[in-house]
Structure formats: structure tokens, C-alpha cells
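Enquirer: Taken in sequence, the protein lines are chains A and B.
Take the first sequence: its letter number 532 is residue 532 in this note's numbering, and every next letter is one higher.
Take the second sequence: its letter number 129 is residue 129 in this note's numbering, and every next letter is one higher.
Calculated directly from the structure, the hints in this document are not laboratory data.
There may be inaccurate statements among the hints.
Some chain B residues flagged as far from chain A (calculated, every beta-carbon gap over 10 Å) [stated by the list, open to error]:
hint, residue
1, D27
2, R33
3, K65
4, A71
5, T75
6, D76
7, A85
8, R86
Residues from chain B that face chain A, not an exhaustive set, calculated with beta carbons under 10 Å [as the list claims (entries may be wrong)]:
hint, residue
9, A28
10, A32
11, Q40
12, F90
13, L92
14, V100
15, W105
16, G109
17, L112
18, I118
19, I119
20, Q122
21, V123
22, E147
Keep in mind it's a predicted model, so treat the numbers as computed, not measured.
Ideal Cβ placement from N, Cα and C applies to all residues, glycine included.
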Amino acid sequence: MNATLGYGLVLLGLLCAAFGALVGIFTGMTRREGALPWVQRAVYGFSASMILANLVMIGALLKHDYSVKYVAQVGSNSTPTIFTIVSLWSSLEGSILFWGAIMGAYLFAFAFIHRHEHGRYMQLSLGMMCAVATFFAFLIAGPANPWGPTPNPIPTDGPGPNALLQNHVLMIIHPPMLYLGFVGMTVPFGIATGALLRGELGDAWLVPLRKWTLVPWTFLSVGIILGSWWAYAVLGWGGYWAWDPVENASFMPWLAATAFIHSTMVLERKKSLKLWTLALALGAFWLTIVGTFMTRSGVFNSVHSFTQSDIGPTFLVFIAVVMLVSIALLALRGPLLVAETHMESVFSREGSILLNNLVFCALTFTVFLGTTYPLITEALANKRISVGEPYFNIMALPIALLMLFLMGVGPMLPWGEANPKTTLRQLAAPAAGGVLAVVAWKLATLGASSAGEYGSGTVMAVMAFGLAGFVAVITTRELLLPARALMGPGTNFFGAVVRSASRAPRRFGGYVVHMGIVIIMVAIAASSSFKVHASGTLKPGETLQVGAYQVRFDGLSSGTEPHRKWTSANLTIVHPDGKEVAYAGGHGPRMNYYERQTDPVGSPLVHELVWRDVYVSLLAYDAKEGSASFNAWVFPLVGWIWYAIPILVAGSLISLWPRRRQLLGGTAPAPAEAAKA
Amino acid sequence: MVLALLAALSLAQGDYAPGRAGTEPLDAAREARVQALGKQLRCPVCQGTSIADSPSSIARAQLDKVRELVAEGKTDDEIFAYFVARYGDFALLSPRKEGVTSLLWLMPGLMLIFGVLIIVLQVKKKPKTAAPAAAPAAAPADDPFLEAVRKDLKQ
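If we strip away everything but chain A, and leave its shape as in the complex, we get (with noise of 0.2 Å):
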């Protein structure tokens, strides 16, 4: 019963999706706007039966419907709940049809909240969104069905979801937040395209073009740093980011996502760059494809087995036409496309914009190098290298202190051409604050590195920290200093910077994103230059030194739980002040056991402190002697990388906010003050 509503469902889908991008790109192409109802009503039909079917698939987990192939699959009678419904994505075909709710999500809020708007814009934008969904349709529908039916006979209890994602509960909310981040980079793309097939690119895209992309971007940044912290927080090897394939994919549309963001500001303001400006959008789109392609097709066990995974030929199709799409739309219709103004210097906002722009391009040319790399020479010279960890840190990092430099200097240059003396008179308290910065970690550390509290640290980790207070002093500048300029008497401070944020919400929330990036690139260069490591065996009463904390075994334990074993070291951290902090009966490091799998997992012990974790992971243990091994980190600073979360989410929602509407006569702030914006 669930198989069969839930296949028709996802078939009512596919029909409405396929519906929608006929009738909305041929009368978008004809100029026959009346058909815009109908587009829209395709684009509900399509929301609807896509949320729907999730929901039976949902109901078919929890009541262990196990004659859908899905629920086979991945559900189990043992598993908690909230795990089970989480097994909506721990798979392939669930996470595909989850894939298709969000972006029923999406595309009924666009088509809705832009409801009123006229046809000439609308019907292209939703036709090609639609396009966009129908092959995800078709994919849930064909190559990818969760649908079909169990062989006979019916099983009455599954193996479960992979047990990672039952190992901890940011494994709920990770992988949602990636979705809504890599399927809402449909909606910019589809306003792009709609641009290019009308050719024209006029002032009423600009903002919706924008916005669109900055809601997936903030989704894309919260479900990256999510991944990272759940990384750092289960797999025990100490570390948050490995460079991985899976992590690239998530890593390269955020990329390109940012660029875009950027390259807006020049075409809202000077009217140039739209042509770029649509290419970097339709890249992050295509890279979240080939994301999606590159994580879900087993292309990275070997070049040679995409082909046997049920979605990697259809995937390589879709990848394929998107790009030649993409290309013949911007060779075609770009050349009308005309720019409104040139740039006269490079030493200006925009030359600073376009800086950015080319360092946020050759980084994402860097991770997709060396992530397809291999690839490219298993596949030509039948040669099989690795491009992993370090190549990337060598790459990235000079490319991020750039990066670090420009979101200085951007901000503090006028646009048009900058005056070189000004500028200079502008620079000094920020250099100042660069060298601050780097003094008062020396200060912080003085002492520390000898004794071995920290590592020695690297020169490109000062160099980080220089710029990030270089960066903190020009931000900090930029966010109040035209709420100085609203101070009056009767306002108090606080209450300037409230209005000056709420005239140019953009401005100022971009700002405070800016804060929460350095903050995240401090907290990396602190925590993988600055770190301590140790390793070894101990009996029970033994301790482990690491930095200036003292980690003391006292004993293994075991226990159960309705749906795994596990076995634990109770742990005992000492700080340098003699206070001890006793992590026992499976809250220290361990291995959980589950069962239908014969390897452990290991779970590490995170000893979260403001300003540094302790960080223990068991390797090994022995029973019968009662000793175990351990590797154990003292990292400065990197829960600082998830405590930016708040700051970039609260600076993505203050810019999305919606500006007062500039009326023409007294309320509309003066064109100076809005120009700043």
C-alpha cells in the first residue's frame, strides 16, 4: 500500500515538474505571459506530491513497512526513533527523495512569495527550476526507487541505519542543512538561466538573484561546519577536515557561492559584471551536481564503478547538459547582456570585488584539480596517485591568507579609484591592530610553547593571526562608524547601531558574517598550528601528559544499549590547577558495537573548554590486562570554528532582511547614505 501511494506520488511529481518546464520556458520563449498560472499551479502540484511522499515514506519507517525495498533496507526494529526517521537519508534512495521534498520546499517558496510578480520574469525562472526538478523526479522514480518492491519473503526486522549516523546526534541535522544548501542553488540558477533565455538581465532580478543564493549559501556554510564538527566529534582521529572527496563536493559550490555574492554588489551598484556574475552562478549550481555525483556515485573508490551505481550514468548525463547548457546560454545571450559602466582602477571596491572573485575561482580550481585529478590520470594513464591532505593545506593556505587580506582592504576602499593618501591614513589602525594581534598571541603563548603547553606554531599561523586583527579592526570600523554618524543627542549608542544596521541591512549583516569568518580562520590557524599530541599504552592508575593536561586511565567499563555495546575507558582529566574532571561509565572515549556490523566504532572523549579541547580517542584495548592505548590532542582554540555558527547565521539573516521600502518623497534615505549601502 505505502510502496504503491509513494511511487504514485513521486509519478504525479515527475508529470507536474515535466508539465511546468514545457509550458513555462515555451510560453516563457513565445511571450504568451497568461500561461503563468499554469506554471504555478505545476510548480504546487509538484511541492505537494514530493512533501507527501515523504511523509509515506516517513509513516513506512516508523510502522517498519519492511515490504518497501527502502525500509528493508536501512529501518530495524531496534532502532530509536528519531534514528529512524533520520534513515530517511542514511541511504542513497532515501536521501535522493528527501532531496526532492526540499526542493519542492524551495520552488513552492519562490513561486509563492513572488506570486505577483509579472510573467516575463517568473516564467522562464520556474521553467527551468522545473526542469531542474523533473530529473530528480525521474531519478526517484527510475534509477534511484525506494519505492520497489521487497523480494519474498518479507522480512520482519532490517540491519538498520549505517551506524555512524546513530553514533551521534549532529548526524540529524547535518545532512539536512548540505541538502537545503545544495538543492537551493537551483533557485539562483534558475533566475539565471531565465535572464539569459529573455536577454536581459534588468534591475528587478537583481535582488531576488541575490537573496535566493544567500539563503542556500547560509544552509551551505551551517551544514559544512556542521560536517566538521561532527567529524571532529565521532570519527576520533582529531581532526575536522581531511580535504576528503565528500567534503570538496560540499566545499567548492560554497566557493563559488561566495564569490557570487560578491560580484552581485558590483552589478546591483555599477551595472558591469553580469555576465560573471551569471557564469559564477550557474558554477555553483553545476558544482553542486557534481558534488552530489561525486559523493553518491562510488566514483572516488574507482573510476571504474560509477558505472555499476544505479544513478552515476544518469548523473554524468544531467552533468553534461548543464554544463553545455550553461555555456551555449552565456555565449548566446550574454552579448546582450551590455555593461553600463567601466571599471577606471583596480584600486577600488570593485577592482577589490573582482580580486576576490579570481581568489575564490583558483581556490575552487584547486580543490576540483586535486580532487579529479586522480581520477583523470586512473582514467588516461591508467596511473593511480593520491592528492590528499597536505597537498591541499599547501595550496589553500596562501590562498586563504590572500583572502584574509582582501576582506581588509575591500572594505576600506571607496568605490570608482581610491586615493592613495587617504588610503593610507585609513590603513594605519588596522596595520596597527594586525600587529596587536600578533604581539598578544606571542604574550599569550610566551612561556607556553617552551614548556610545551602548545606547539610551535608556523609562520603562515602568525601571519593568520596578523591579518585577522588587521580584518577585526577595518570590520569593526565599517559596522559602527556610521552609527557614530546617527548619534545624536536622545539616541544612545546602541540604539544607532540598531538603525544605521537597518538601513543598510546588507551591508552591516555582511559585515558581521566577515567577523565570524575570522573568527573561524583564527580558530584553524590556533588549532592545527598550535596543537599538542600524545600517544600511549596505559594500565589502569597511569597517566598520559599532553600539553599542561594530565589524562588519567582509571579503568575500562561496558554496557549496553538498546542498540549497541560498547566498552569505555573512564578517564580522569587533571588540569594545571590540580582540578579533576572524571569521565566515566561510557563518557569517556569508546568503542560502541552494533549489531549486523563486525567492526567497532570509536567515539572520542571531548574535553570542551573556552579556549582549547582535550581530546582523547581509544585505539586499542586489552581486556585481560585491563590497559588500553590512546592518542590524546590539546587543541587551542577550535571550538571557536561552531561557535562562529550563530555569528554567520545571525549575519545572513540581518542582510536577507528586507530594506524599507524607498518611497518616493520623505522616508527614502538620502541617495548618500544609500549609497553606502
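We have chain A already, so just place chain B on it with the hints.
Expert: Only chain B this time, still in chain A's reference frame:
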């Protein structure tokens, strides 16, 4: 599609075999070298993780081998050569800068340099037509009156 999960999976699939403790670390300076070398070598059962990072027993056995070679006083190059001789270039996480592979190291830098050149040339180039074709004659781009009329027309 669960990003990072695949990596995690392959990490976990490496037999975790609790019970094997590995050799004891060397003195601080040499152990740091062991860890640094381990970062450069690929764990055979993982997806792109180094033997210094992987908790799998096979990676830890390889790290023990590195430790043994360091203790014997071998140089970094000799240790890399040891692993390449057995497992090929695949064992190196940082590909060698020779032959076609040097492209991998050069291309990002070249792209940056060309990009800067293109930007500078574009900016220096004077626009062909002095006045932007799209802007109507007298009205400045941000004329509020024109904006309001445009907005009304769109509704």
C-alpha cells in the same frame, strides 16, 4: 547524500581491531618526525586519510613501520622511497612535483597570475563607446522618480 559520511565509513571499515596497541612512541623530536611523515602517507583501507590520522589497525601497523625506520636513522626521502617501492606513487598523499604531475602544482598559481593580468588589461582598456548604450539619455541610474514609474509599470 551524506557528505563526510563516506569518508567516515571507510575510516570505520578499516578493521578497528581493538587489542593491537602499536609500538611505544619515540622521544619527542623523533616522534614529531614520525607523525609528520605519517601525515604524508596514505592509509590503505581508508578514503584519502593518512596513516597518522587513521585509527585502523593496518594504518597503525604502517605507522609502526615508519617509527622503526626513523629509529634506524633513515632520512625522509629513504622512508618515502621505501613506501613507494612497495605500493607505488599511490602511497604518497602529496604527489611528486615531476612530469605531468607538476601541472597539479603549477596550474593554480598560473591561473591566479593570468587572472590578475586579464583584470589589469580589462581595466586599462578604454571602453569603446563613451556613453553606456543601455542608459537612457538624461536620467541618472538612481533617479527615484524613474524608479517609481518603472516599478508601477511592472505591477
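Enquirer: Each of the hints needs a verdict: does it hold here or not?
Expert: Tested hints:
1. D27: Consistent with the label, B:D27 stays out of reach of chain A, its closest Cβ about 12 Å off (over 10 Å).
2. R33: holds, 13 Å
3. K65: Holds, since 16 Å exceeds 10 Å.
4. A71: holds, 16 Å
5. T75: The claim stands: B:T75 keeps its Cβ more than 10 Å from every Cβ of chain A (closest is about 18 Å).
6. D76: holds, 13 Å
7. A85: Given that every Cβ of chain A is farther than 10 Å from that of B:A85, nearest at about 15 Å, it holds.
8. R86: Consistent with the label, B:R86 stays out of reach of chain A, its closest Cβ about 14 Å off (over 10 Å).
9. A28: holds, 8 Å
10. A32: For B:A32, the interface hint holds, since the closest Cβ of chain A sits about 8 Å away, which is under 10 Å.
11. Q40: For B:Q40, the interface hint holds, since the closest Cβ of chain A sits about 6 Å away, which is under 10 Å.
12. F90: Holds. Min distance 4 Å.
13. L92: Holds - the Cβ of B:L92 comes within 10 Å of chain A, reaching about 6 Å at its closest.
14. V100: Hint holds; B:V100 Cβ to chain A Cβ min 8 Å, cut 10 Å.
15. W105: holds, 8 Å
16. G109: holds, 8 Å
17. L112: At about 5 Å, which falls below the 10 Å cut-off, the nearest Cβ of chain A leaves the hint on B:L112 intact, so it holds.
18. I118: It holds, given that the least Cβ distance between B:I118 and chain A is near 9 Å, below 10 Å.
19. I119: holds, 6 Å
20. Q122: holds, 7 Å
21. V123: holds, 5 Å
22. E147: holds, 8 Å
Comparing the model with each earlier hint shows no violations; every hint is respected.
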